[in-house]
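> Listed below, chain by chain, are the residues.
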Amino acid sequence: MIHSVRLLFFLNFLLLATTSICQTALPKISGNLLTYESKPVIGAMVILMDVHGKMVNAYAISKSDGGFELHSLKIFDSLFVLKIEHMQYESWSRMISSTELVSGHLNLKIQLAPRNLSLQEITVKAPPLPYRIYNDTTEFRAKAYITGETRKVEDLLKNIQGFQLTDDGRIFFQGREIDRMLLEGEDLTDRHYRLLSKNLNASLIDRVQVVDNYTADRLMREVNRSGKIAINLTLDSTFRNRLSGTVGAATSGGRQMMDVSTVLPAGLIKWLTFTNFNQTGTQSGSQLSDDRLGEHSISDSRQSRNSLSVFEPMQISQPPLDVRYARDNEDASTIQVLSIRNRKGQSLRLFAGHGQSSLHRNAELENRIKSVINYDWRLYQNTRYAMKTRESLVSFLFKHDRKSNTTGQFSMNIKTSDHGQIYEDQTTGDFADSLSEDYEQQRLILTSSGQETIRTGFGSLFKISYVMDIGQSEQHQALSTVRFLSIQSPVSGLNNFSQWMQAKWMSGHLDLSLLDRSKLGRWTGGLRMSMDREQQILSYHSAAVMASGSAEFLQRRRVIQSQAIIMHGTWQSTNTGKLTWFTAGDFGIAPFDVKDSIELTMEGREVYRLSAGLDYKLSMLSGIRFSAYRNRWTPSSEWFHSGPILQADGQVRYPALELKPETMTGVNFTISRVNLPNSFTALLYASLIFTDGAYRRISSRSPSNSLTTYMPFNGQQSQFVSGNVSKHFLALRFKSMTDVSIQHINGNTRLDDVSIRNLYGRFSLHQRLISAFAFPLNAEFSYEISRHYNRLKSAMTGDMNTAQWQHVGYARLNGRFGEKGFVSMIYGRRLLSASETLNTIDLFTRWKASRSLYLSITGHNLTNAMAMERRTVSLNATTDQRTSLVGRYILFSAEWSF
Amino acid sequence: MKLFTLLSLLLTYSYVQTEAQPLRTYIITYQGVFNVKHDLDKQFRPYRSVLIEQHDASHFFMQPGQMEGGVNEVMIESDTSFRVFKQPSANKLIFGEPDLAGKEKFYEDTLHSMRWSLSEEVKQIDSITCKKADAWFRGRHYTAWYAPSIPIPNGPWKMGGLPGLIIELREAKGDMHFMLESIRMASITDLKQNPVMQKNHPDIQAYIIYWQKLIARMKGMAAAQPGSDCLTCQTAPSIQIRRWEKLPL
Chain A
3 MIHSVRLLFF LNFLLLATTS ICQTALPKIS GNLLTYESKP VIGAMVILMD
53 VHGKMVNAYA ISKSDGGFEL HSLKIFDSLF VLKIEHMQYE SWSRMISSTE
103 LVSGHLNLKI QLAPRNLSLQ EITVKAPPLP YRIYNDTTEF RAKAYITGET
153 RKVEDLLKNI QGFQLTDDGR IFFQGREIDR MLLEGEDLTD RHYRLLSKNL
203 NASLIDRVQV VDNYTADRLM REVNRSGKIA INLTLDSTFR NRLSGTVGAA
253 TSGGRQMMDV STVLPAGLIK WLTFTNFNQT GTQSGSQLSD DRLGEHSISD
303 SRQSRNSLSV FEPMQISQPP LDVRYARDNE DASTIQVLSI RNRKGQSLRL
353 FAGHGQSSLH RNAELENRIK SVINYDWRLY QNTRYAMKTR ESLVSFLFKH
403 DRKSNTTGQF SMNIKTSDHG QIYEDQTTGD FADSLSEDYE QQRLILTSSG
453 QETIRTGFGS LFKISYVMDI GQSEQHQALS TVRFLSIQSP VSGLNNFSQW
503 MQAKWMSGHL DLSLLDRSKL GRWTGGLRMS MDREQQILSY HSAAVMASGS
553 AEFLQRRRVI QSQAIIMHGT WQSTNTGKLT WFTAGDFGIA PFDVKDSIEL
603 TMEGREVYRL SAGLDYKLSM LSGIRFSAYR NRWTPSSEWF HSGPILQADG
653 QVRYPALELK PETMTGVNFT ISRVNLPNSF TALLYASLIF TDGAYRRISS
703 RSPSNSLTTY MPFNGQQSQF VSGNVSKHFL ALRFKSMTDV SIQHINGNTR
753 LDDVSIRNLY GRFSLHQRLI SAFAFPLNAE FSYEISRHYN RLKSAMTGDM
803 NTAQWQHVGY ARLNGRFGEK GFVSMIYGRR LLSASETLNT IDLFTRWKAS
853 RSLYLSITGH NLTNAMAMER RTVSLNATTD QRTSLVGRYI LFSAEWSF
Chain B
5 MKLFTLLSLL LTYSYVQTEA QPLRTYIITY QGVFNVKHDL DKQFRPYRSV
55 LIEQHDASHF FMQPGQMEGG VNEVMIESDT SFRVFKQPSA NKLIFGEPDL
105 AGKEKFYEDT LHSMRWSLSE EVKQIDSITC KKADAWFRGR HYTAWYAPSI
155 PIPNGPWKMG GLPGLIIELR EAKGDMHFML ESIRMASITD LKQNPVMQKN
205 HPDIQAYIIY WQKLIARMKG MAAAQPGSDC LTCQTAPSIQ IRRWEKLPL
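In order, the protein sequences belong to chains A and B. So the first sequence is numbered by our numbering: it starts at 3 and just counts up by one. So the second sequence is numbered by our numbering: it starts at 5 and just counts up by one.
Think of the hints as simulated: they come from the structure by calculation, not from any bench. Every residue gets a Cβ at the ideal spot worked out from N, C-alpha and C, and that includes glycine. Don't take every hint at face value.
To be verified - Restraint-style ranges between C-beta atoms, simulated for each label pair:
hint, chain 1, residue 1, chain 2, residue 2, range
1, A, R853, B, G178, 25 to 35 Å
2, A, G571, B, K203, 27 to 37 Å
3, B, S186, A, Q90, 40 to 50 Å
To be verified - Partner residues aside, some chain B positions facing chain A, computed with beta carbon under 8 Å:
hint, residue
4, D60
5, S93
6, I156
7, A220
This is chain B alone, in the form it adopts within the complex (with noise of 0.2 Å):
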């Protein structure tokens, strides 16, 4: 008994020490700018964008302003998918968004599936030399600048697999713009100890039937509520939802 608490006390130290064991890592921030009227209209709200960096694992999030929806309006921010785990040994994306409760749930995605087109455009941006490169990316049109002197093949949000970090990120529409602010250097514990890393979560299939599901659900919903006092209303009660990434929803 004795030696198995021993034993216990010593796995449970061998753990905090690795819990607490800081790596190197690289805080990389981003202005942000989202349209979050997508496709319907412009409306843009600007987020302060982090990156943590470290040797084979990420964390992106975004930090938003409070947001105020119009009266007749719900805003589901659904396709702010903004909270992003990468771990490229597992060739793993994991982001995260919150449901209709609020509650974020995560899901797996293909790590960097974009297929980027690089083209020998060269643009400063402040001090760093950066070329271009174009890609589609789920119904969207993206150009990236990365810096090939910043061999980190990563970027805001779900992009990156460039031959060096994204500086300017920027979707065709200019709906989506990051561009870096700033990168410094910090010792974080291992993110890869984070628990929604170690789990597994559903993959975007999972995600895609999730949200056909409750779509299906809404609408029913709507369909089912009195036509208030409007008698001669020649439209059905409609609901839209907008997304960010374009999937077969």
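Next up, chain A with everything else stripped away, as it sits in the complex (with noise of 0.2 Å):
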């Protein structure tokens, strides 16, 4: 008994110690905080502190009651500070020493004293997001996209949601093409943006921004709201104020590439060198001429008109390929810009290429040739077609930007052009033919542009605007044809053609328009006025031995003389809200003065452009889009028209003698959805466009002289329909990207005063998956498949249908070894009709030898290369085209970037 008793003690005393030494080893404050009337202060923050206030010992937020309590305190030093900080009340603090917490537990009563203190409003910046929406820029970081294959900006922007790349190695952002490519905000290439797009090192840059309603004027900038597309890049700081580059070499066997590109972004200058040597055939970076890249040209319409004069052989196959292959081609070229800028806002570029390119194709092709009039042959060919290019630019412009009312710049272009091309035909089989065309152009062309802006005494921006343009152009086509035909045809025999063409132009265009901005709207008014002159001597011979036929045309002068006055003006609403309209319109009399030569009848001379559309943002990126148009012009291209051009069948084409106004009618309508952070992006066009007008124009055939009356574009009715799906599925690991298109056009034709309804239609469907697993395999897959049908209508030839479906495809699988290597082997397949298939195999590998150095191994081969397609080669026949291809080689490539 006695010893459970002293159990019992023990264990009491046990007990008692244990929680005597809990209690001092953690003592606890508690207390009220009151108000001096005597309410309880809610939400106060109670913390205590070592005395360097620096660390939190125990903190609480006060309850509804005013009561806090802060528990398990850890005593390591002699004196502590208790806070108590509130939005509403005084700060209140006091030195705590340890001796206070012997007891184990502290209680206050505290009274806070009101007081009116507000925080200071404060902006904190924000770690970035891989982007930014901020008004009309869309702004990426570009590291955030870079990935092992990319390597240069158009390979970044390729990752980046929202753009899409053609071929040729044009960029639209959600649909539109974009117009310029800053860097650091300059304009250096103007509309040649490829040229940094397809050379500029992505490294480089550190942000991708998206401008939308770009304009580079800074007046204008506050009323005009262009709906042009342009990207700034801008570089990373440790490239800047420092020349860098790539340097870029390849050999295959016999052929060369070498690929130099530097850039030298200094505060006030900016140099810009890409030279680029390749006989190799892949697609090189540095591109000058503006007919090899389509469209894109400093000079205006007006000019590249005259290069549109340059025929393509129409039996000449393309190989229908879009994977990297060796021809026989040769492209040499060196682009310098250099930007200098002073810091009163004036900025001066010069900019100054050459180039030259050739290229030497041979095809067989086999022939089948089904014609409505009953004939069917067979028919093999050897082709040989050589191209070759040389061209020079020359450009400089000055900007200003000194005053803050007065902006400006002038321009000046010149270029000088050489082409020639070679084409020779031998074919035998059902009959015997031979042809041999050559042509050459040389051109010389100045163009001159500028702009001052000024803002008036009333607010308003006055522009002032002009564009000149002197050229001249010389070409010379020969055609030679020795033809047998089983049949008897008026064309048999030997028949020669050729014929010279000098042009000389002039043209002048000055603009005087008021811009303003109100509540009401954004507005433009103003005044055009146009002068085209054009000279033209022509001289042509054609001869044919069987018909006994032949025609001189020697020194035959042309003059052509126009004034037009225009008189336009757009309204856009200032609405900041979702919906926004705009009106735009031109009114005019264009031309009202025609001198020319030649007799021509005009119907009417008034012209107009007259648009309309609503616009509603869905959110920064997204947006439907409605608008519906309606225009009539005089189809100045054929009545300006350089003179005959020979087709390859030595058709001559004389310009147009009666024209009757063209008017296009038409509606759009555009649903674009761009979602960044769930990486998906949609976009939906469609269009409907009526045309009507005419222009009436004769061609003979030479030699036989027969003439042929054509009315075309008598009506014609076009439906376009267009989407595009893009989406990544993060949780599957793969992206999906599909391409509609629906075409179909319904256009009356006249030809020798026969009516013919033509119907073209086009459906296309395109769907790429590419996954993105986190195991270094990855693959691609992609199939189009198309189909275009052609219905003719003719009283003369009777109906003909010809349709067609293609389907093209390939796989890819992408290999990755660490960080350093990465192969890929691409599989291309393509069934042209229902037969032919034609194979390509591709083998990539890239290793990362270094940090700069980057070497490459590139297989190609062609398989099954045989391909056989389908096409109509005038009104009344068709062919079947079979041709040979070959292409196989092996390209050893290295890059180093400094």
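Got two chains here, separate frames each, mind docking them using the hints?
In structure tokens:
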């Protein structure tokens, strides 16, 4: 019993001692926070800190009754600070000594004095997201989109949501092609933006900014919403104020490639150089030629019209491959861009480039021509095509933005080009035929433009601008055929045709405009005056031995001159809400005075262009746009025709004799959706266009001297719907891209006064799937199915239908070896007609030898190199064309960045 | 009767006066990024988040962009319990979320129930000196950077209860990340007058039961679906509910 009592006593003692120790080690502070009116203070921060105010020992938030409790205090110091903070009460603090906590519990009653504290308004710069949207600019952090395969800017843009790149390097953002690409806010390449996108190393880039409604002029920016898109590339700070660049070299047997690009982005000076020599046929970065780049041209459409006269022989087959393959071509170009700015807002840009290109292509073709007039010919062709182009461009641009109320620019471009091509064709089979064509063209074009914008005293902007161009071109064409047909034909025998043409032109446009912005809208109004004069000297000669016909026309001279005056105006709403609207209109008389040595009948000279639309913003990057327009113009390209143009079969086109102004009425509808965080983009575009109007033109076929009268585009209706959806399914680890387009054109044409109804349509569906697994092996599939149909209904030739399905696809396997190695294998397959296929296999491997050196090998093999293509060669015949292609090479390349 | 009418008018007037009485308010905005795929994958979505802070009430909400789901994916945003009302004097937290019909329903939860572990680590975010705190809350680990210089014991979403305003909040995997963008002054009527705060709402247990029932119902519906033309499928249709807060569902 005594033992039991002792044990109990001992246990009680132990318990008491433990409790006591615990209480000593972990004391607590409690209390009540009250106002002077003895009301509880709720939500005050009660913090027990060390004496230096750096370390928080414990904290509590006062409750609804003003009470607080600080538990489990760690007593490792002799002095503490108890602080009380509340937005609406004065701060309270008190030193607490550890001796006060010996009892284990300190209870406080604290009264807080009211205060009128306001937090200072602050803005915190948050860490960047991969993208940012503000006003009209969407900004992407380049580093977030760079992958192991990303070399150039265009590779970088391919990885960013919303960008679409075409095979020839044109860049679209949500269906709209970009207008300019700026480097650090400076436009160095005008519309030749592909110079930057194809040459500039992606690693230099810090941010990619998509600027909507881009306008270069500072004053114009205040009132004008241009609807144009520009990309501004900002450079990584590491590469500012120093020379950096890339040197690439490749060899494929006897073919070499060399590519050097440098960039010096110093503060007020920017210097770019792009030099390229390429015999390998692979896509290279430096391009100068507008002819090769397509529609982009420093010169306006007036000049590019002259370059359109380059005929493309009808029988040349384009090798239907979109993967890398070696052609027998050689490109060399060098481009220098120097931009100098001063601190007074003036800048000077010099752009100089020279390029030359040559291409040789041989093809063996097997043709089966089925004519609607019941001939069925089987032909075997050997063709040789050679093309050589050489051109130089010097451009000078001066801009000033010195005064707050005046901006302006002046530019001058000089461009020369030599272009030549030879086409030879030997045909055997049901008839023997030999065709030889030679074409040469030289051009010299001087273009000058200027603009001055002035803010007037009453706030509006006054803009005066001009464009002037002077040029001359000389073309020479020669055609020789030896044709022996097994059927009776007037074109059998030896035929020769040659023509020479010299054209000199001068044109000028002067525009005076007023622009302003008010509560009611943004408006512009102005007057545009233009003058065109062209002088042509033409001679041609044709002879047909078997037909015993010949014609010679020496030194025919023609002068065309016209003036035009146009009033123009636009009105856009300034609504900052979701819905905005715009209208635009041009009215004028053009041309009001035509002097032409050929009599031309014109029906009405008034022209106009009207458009109106609505824009509904779903979000910053998404919206619905509807627009309608009606335009009426004179088909000036016909009456300003640069003389007869030789067609492949020796057809001479005369200038139009009769013009009926064309009208075009159309509606466009676009829905675009970009959801960057969800990696989702979608675009739906639909248009319906009605065209009416005509010109009467006579063509003579030489040497048969038969005449054909065309009245094209006499009523045409065109429907076009396209859409694309791109979605990155992160959960399933793949990206899906779908493109659909449907086009249908219904047109009426008159040929020799016989009405022809032509229906043309195209449907295509393109699906791409790209996997994005974490493991280093990924796949990509692409499949495109398309159908073309062409129906001709004519009283002369009867009805004729052609339709064709095409299937094009590839599968790609990408493998990665750590951070350094990359391998890609591509199998391409094209099913161009029911039985003919074409297969390619490409193998590409790249190794990152060091931080700045990449080595790569590309192997290409074209198998089953027989392709068959059906095409319509004229209004009344189709051809099944079998092409032999050979493409096999191994390309070794190295790229060094500095 | 006249007296009654007068009294009624007076009462209405006083009520309107009370309603219209603006209080000093802080509009605190956060830039937020949230992984809508939760643990399954990464699909980040930015949010502009607003915390309206008054003396004894706060209202937090997020403004997400539009969301497009995949072809075979149903996205029920039940996990985005982003609208949160807090009333410290009543120790009350009310959160809202849309039900399957898209109608927002409200439930009560415990105010700042997470247990923060304070650290001495200091970080400078812009011009604000912040201290670090960590907490586990409903299956996830959060790190908060709070500013002792800003005596607002609140933060984005359900987070708060720290000795200073939460300037940055980051979930351990980075699936939720808030960063203070700005603090602005404003005068707004008392948040406690908001009908949501004046009503009583079901508690978190009721919320859990609601979801348990819903999941059971959805599983039943999925199981009742015909197996289309798949005769050899080895797997039954499955329903996965991905929630941000890991509650015992």
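> Work down the list of hints and note, for each, if the structure agrees.
To see whether the hints hold, each was checked on the structure:
Checked against the hint of 25 to 35 Å, the pair R853/A and G178/B passes, with Cβ atoms roughly 28 Å apart. Checked against the hint of 27 to 37 Å, the pair G571/A and K203/B fails, with Cβ atoms roughly 58 Å apart. Hint check: S186/B to Q90/A, Cβ distance near 21 Å, so the stated range 40 to 50 Å is violated. Taken as an interface hint, D60/B checks out: its beta carbon lies about 6 Å from the nearest beta carbon of chain A, inside 8 Å.
Contact between S93/B and chain A, as hinted, is supported at the beta carbon level, the nearest pair being about 4 Å apart and thus within 8 Å. At about 7 Å, the closest approach between the beta carbon of I156/B and any beta carbon in chain A falls short of 8 Å, and the interface hint on this residue holds. The beta carbon of A220/B comes no nearer than 24 Å to any beta carbon in chain A, farther than 8 Å, and the hint placing it at the interface is violated.
The structure fails hints 2, 3 and 7 (numbered hints given earlier, in ascending order).
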